[in-house]
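Heads up: the sequence lines are chains P and L, in that order.
Every number in the numbering used here is 62 more than the matching position in the first sequence, counting from 1.
Every number in the numbering used here is 62 more than the matching position in the second sequence, counting from 1.
For the record, the hints were derived by calculation from the structure and aren't laboratory data.
All residues carry an ideal CB built from backbone N, CA and C; glycine is no exception.
Take these hints with a grain of salt, some might be off.
[To be verified] Beyond 10 Å from chain L on every Cβ pair, some chain P residues (computed):
(1) T64
(2) V69
(3) F73
(4) A81
(5) N89
(6) H131
(7) E169
(8) G170
(9) R174
(10) G260
(11) I287
(12) K294
(13) H314
(14) S354
[Claimed, not checked] As a list, the in silico PhoX-like pairs of lysine-lysine whose alpha-carbon atoms are at most 20 Å apart:
(15) P:K71 x P:K99
(16) L:K99 x P:K367
(17) L:K345 x P:K345
(18) P:K333 x L:K379
(19) L:K379 x P:K326
Number of protein chains: 2
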Amino acid sequence: MTEHDLVEKLFVADKLAVARAITSVENQDSMHLGLLKAIQKNLGRAYRVGITGPPGAGKSTIVSKLAKHLNDSGSRVAVIAVDPTSPFTGGALLGDRVRMMDLSSREGVFVRSMATRGSLGGLSKTTQLAADVLDAAGFDYVFMETVGVGQSELDIVEAADTTVVVLTPESGDSVQAMKAGLMEIADFFVLNKADRPGVDQSYNAISTVLQLSTRPATAETAKNIWTPFIVKTVASENRGIDDVVKGIKRHHRYLMETEKLFSKRKERVRKIVLDIVGENLQKEFWTQGRLSELETRLDLVLTNKLSAIQLAEELTKE
Amino acid sequence: MTEHDLVEKLFVADKLAVARAITSVENQDSMHLGLLKAIQKNLGRAYRVGITGPPGAGKSTIVSKLAKHLNDSGSRVAVIAVDPTSPFTGGALLGDRVRMMDLSSREGVFVRSMATRGSLGGLSKTTQLAADVLDAAGFDYVFMETVGVGQSELDIVEAADTTVVVLTPESGDSVQAMKAGLMEIADFFVLNKADRPGVDQSYNAISTVLQLSTRPATAETAKNIWTPFIVKTVASENRGIDDVVKGIKRHHRYLMETEKLFSKRKERVRKIVLDIVGENLQKEFWTQGRLSELETRLDLVLTNKLSAIQLAEELTKE
Chain P
63 MTEHDLVEKL FVADKLAVAR AITSVENQDS MHLGLLKAIQ KNLGRAYRVG
113 ITGPPGAGKS TIVSKLAKHL NDSGSRVAVI AVDPTSPFTG GALLGDRVRM
163 MDLSSREGVF VRSMATRGSL GGLSKTTQLA ADVLDAAGFD YVFMETVGVG
213 QSELDIVEAA DTTVVVLTPE SGDSVQAMKA GLMEIADFFV LNKADRPGVD
263 QSYNAISTVL QLSTRPATAE TAKNIWTPFI VKTVASENRG IDDVVKGIKR
313 HHRYLMETEK LFSKRKERVR KIVLDIVGEN LQKEFWTQGR LSELETRLDL
363 VLTNKLSAIQ LAEELTKE
Chain L
63 MTEHDLVEKL FVADKLAVAR AITSVENQDS MHLGLLKAIQ KNLGRAYRVG
113 ITGPPGAGKS TIVSKLAKHL NDSGSRVAVI AVDPTSPFTG GALLGDRVRM
163 MDLSSREGVF VRSMATRGSL GGLSKTTQLA ADVLDAAGFD YVFMETVGVG
213 QSELDIVEAA DTTVVVLTPE SGDSVQAMKA GLMEIADFFV LNKADRPGVD
263 QSYNAISTVL QLSTRPATAE TAKNIWTPFI VKTVASENRG IDDVVKGIKR
313 HHRYLMETEK LFSKRKERVR KIVLDIVGEN LQKEFWTQGR LSELETRLDL
363 VLTNKLSAIQ LAEELTKE
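One chain only, chain P, in its complex shape (with noise of 0.2 Å):
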């Protein structure tokens, strides 16, 4: 496929297209730089929204009905799960993503799973290339699920326009939570699995944090200010889906009224130039001649001669 032919029959939705442009995006080859102009025009009309959570919170279960839920009623919904890729099987370990690849099946829902080790460039770059791509091919909804621990999946979701974070009721989930960092990231919670025991001290620990985070607001500020909500939901039998919908477009709504999208969507492609111009950056310093220099003198730094901020720094100057 050509690159003009895959941009043509990217803007139609084309499945195969869209997965090839991912890869494309996904491997930097020789079309992603055209094909990313080329998507440039078309920008901006898909809504991003970020779910993430604790392993085994039900994220994937969520995502799937929610996209089966957003697509009966006339959208187009993309999903891009970040997995981490295990050597040992050769791949993401598809697990209970089996059920999204059912979905992927619809007209109108496109499913990919990314790898996060040895992605090319920032996992979060990536990821948010890829939902480009989605933007571009027409979807409506983008999601963008990530296992709710480490640095890179907390920066994947948080670009987003609106972020969930997906709790249960198991003992310690949501003193886990605010160990990740999970508590303030959250426009909303979901607290699903919520037929399990213990779902009203989970839902009265996690109300109560959300008390002691928000600064009491002013007449005027009041309409400004966001307060983080929880949806209790049992996903695996479709119960509070509609209310993670709703949720997520009452999130919208707010953001579009006070203007915050633009602002949000500023700083997304801000991050993504800085991520860009600094592998550019390394790309064109680390020339054959300077590789074959900084390997000579690593021996100096493991001999203790001198110290790798030092190596890095004459080799910077030269």
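Since chain P is already given, all that's left is putting chain L on it; use the hints.
Then chain L, alone, in the frame of chain P:
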């Protein structure tokens, strides 16, 4: 404290000086370059152990018991607990690290929490440089504990000499570990909470994955191949901790006998140098002029007149 005083006190493992030096490295303050140069001649004696695993697996408990055990037999032990920072609490949540703090009042034990969010420079780089400070201060062991999900967090423990993955018999723990890419970075496993139901199934599940991944060895290669194993513990009752210590020492011997310790360290230093060069290049590049140029042209991207990649290219070339 002057830089000279700080280095002198660091070499006699004055705890205040050690803490101060790590803060200096973390904040990249005016002293940190001189400091890292000064300590270079004392590096390479500490043995670095990475401990990781899912939230709630008992990593902190295991690390504190290990530190106590090793310290009781005369070793000096430092712990770096890499902690997600929560703005809600104004810092790292200590939670189950309280035990560790108790331990840190011991002579010859040092405990430090490191924040993951908003750290200057890469988390992995900062942690390795902090470990260098502890190495220079004469600690025999430096433990680096991170929650076992997330690219940056895995990078940290992978850069250690020995990497220990902690799992529990909780349902799905080993499946989640595989998904998180933990199975392939473990030099050995600790199956903690081994008094709980399901321990045999978990043990067998991990064993099976290990066997599937082990390549058959010939007589000549056998001695150079490391075979990961599983140690059962009930860390809260101090059971099995001596076996974990034995596992660490056995892996240490293996790395020395096969000369892999040197190549591991070389790889670690190479990564740090690459990181620092990358930072230096960006620092030099982003002059005030270029930063305001970026702000101006970001609007072109947001109005779809220019792609993020094009903007990055233009800025890099100018």
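Holds or violated: is the Cβ of P:K294 farther than 10 Å from all Cβ atoms of chain L? It holds; P:K294 is separated from chain L by about 22 Å at its closest Cβ, greater than 10 Å.
Quick one, are L:K379 and P:K326 close enough, alpha carbons at most 20 Å? violated, 27 Å
Does the claim that P:S354 lies off the interface hold, with its Cβ farther than 10 Å from every Cβ of chain L? At roughly 13 Å from the nearest Cβ of chain L, P:S354 sits farther out than 10 Å, so the non-interface label holds.
Hey, L:K345 versus P:K345, does the alpha-carbon distance stay inside 20 Å? holds, 16 Å
Looking at P:G260 again, its CB stays over 10 Å from all of chain L? holds, 15 Å
So is P:H314 really clear of chain L, every C-beta pair being over 10 Å apart? Fine: 18 Å to the nearest Cβ keeps P:H314 off the interface.
Separation of P:I287 from chain L, once the least beta-carbon distance is taken, above 10 Å: At about 16 Å from chain L, P:I287 clears the 10 Å cut-off, so the statement holds.
Is the Cβ of P:E169 more than 10 Å away from each Cβ in chain L? holds, 27 Å
Find the nearest Cβ of chain L to the Cβ of P:A81 and say whether that gap is larger than 10 Å. The claim holds: P:A81 sits with its nearest Cβ about 20 Å from chain L, beyond 10 Å.
May I ask you to check that P:T64 keeps its beta-carbon over 10 Å from the closest beta-carbon of chain L? holds, 19 Å
Least C-beta distance between P:H131 and chain L, which was stated to exceed 10 Å: Label holds. Min Cβ-Cβ 25 Å, cutoff 10 Å.
For a C-alpha distance cap of 20 Å, please report whether L:K99 and P:K367 respect it. holds, 10 Å
The structure shown violates just one earlier hint, number 19.
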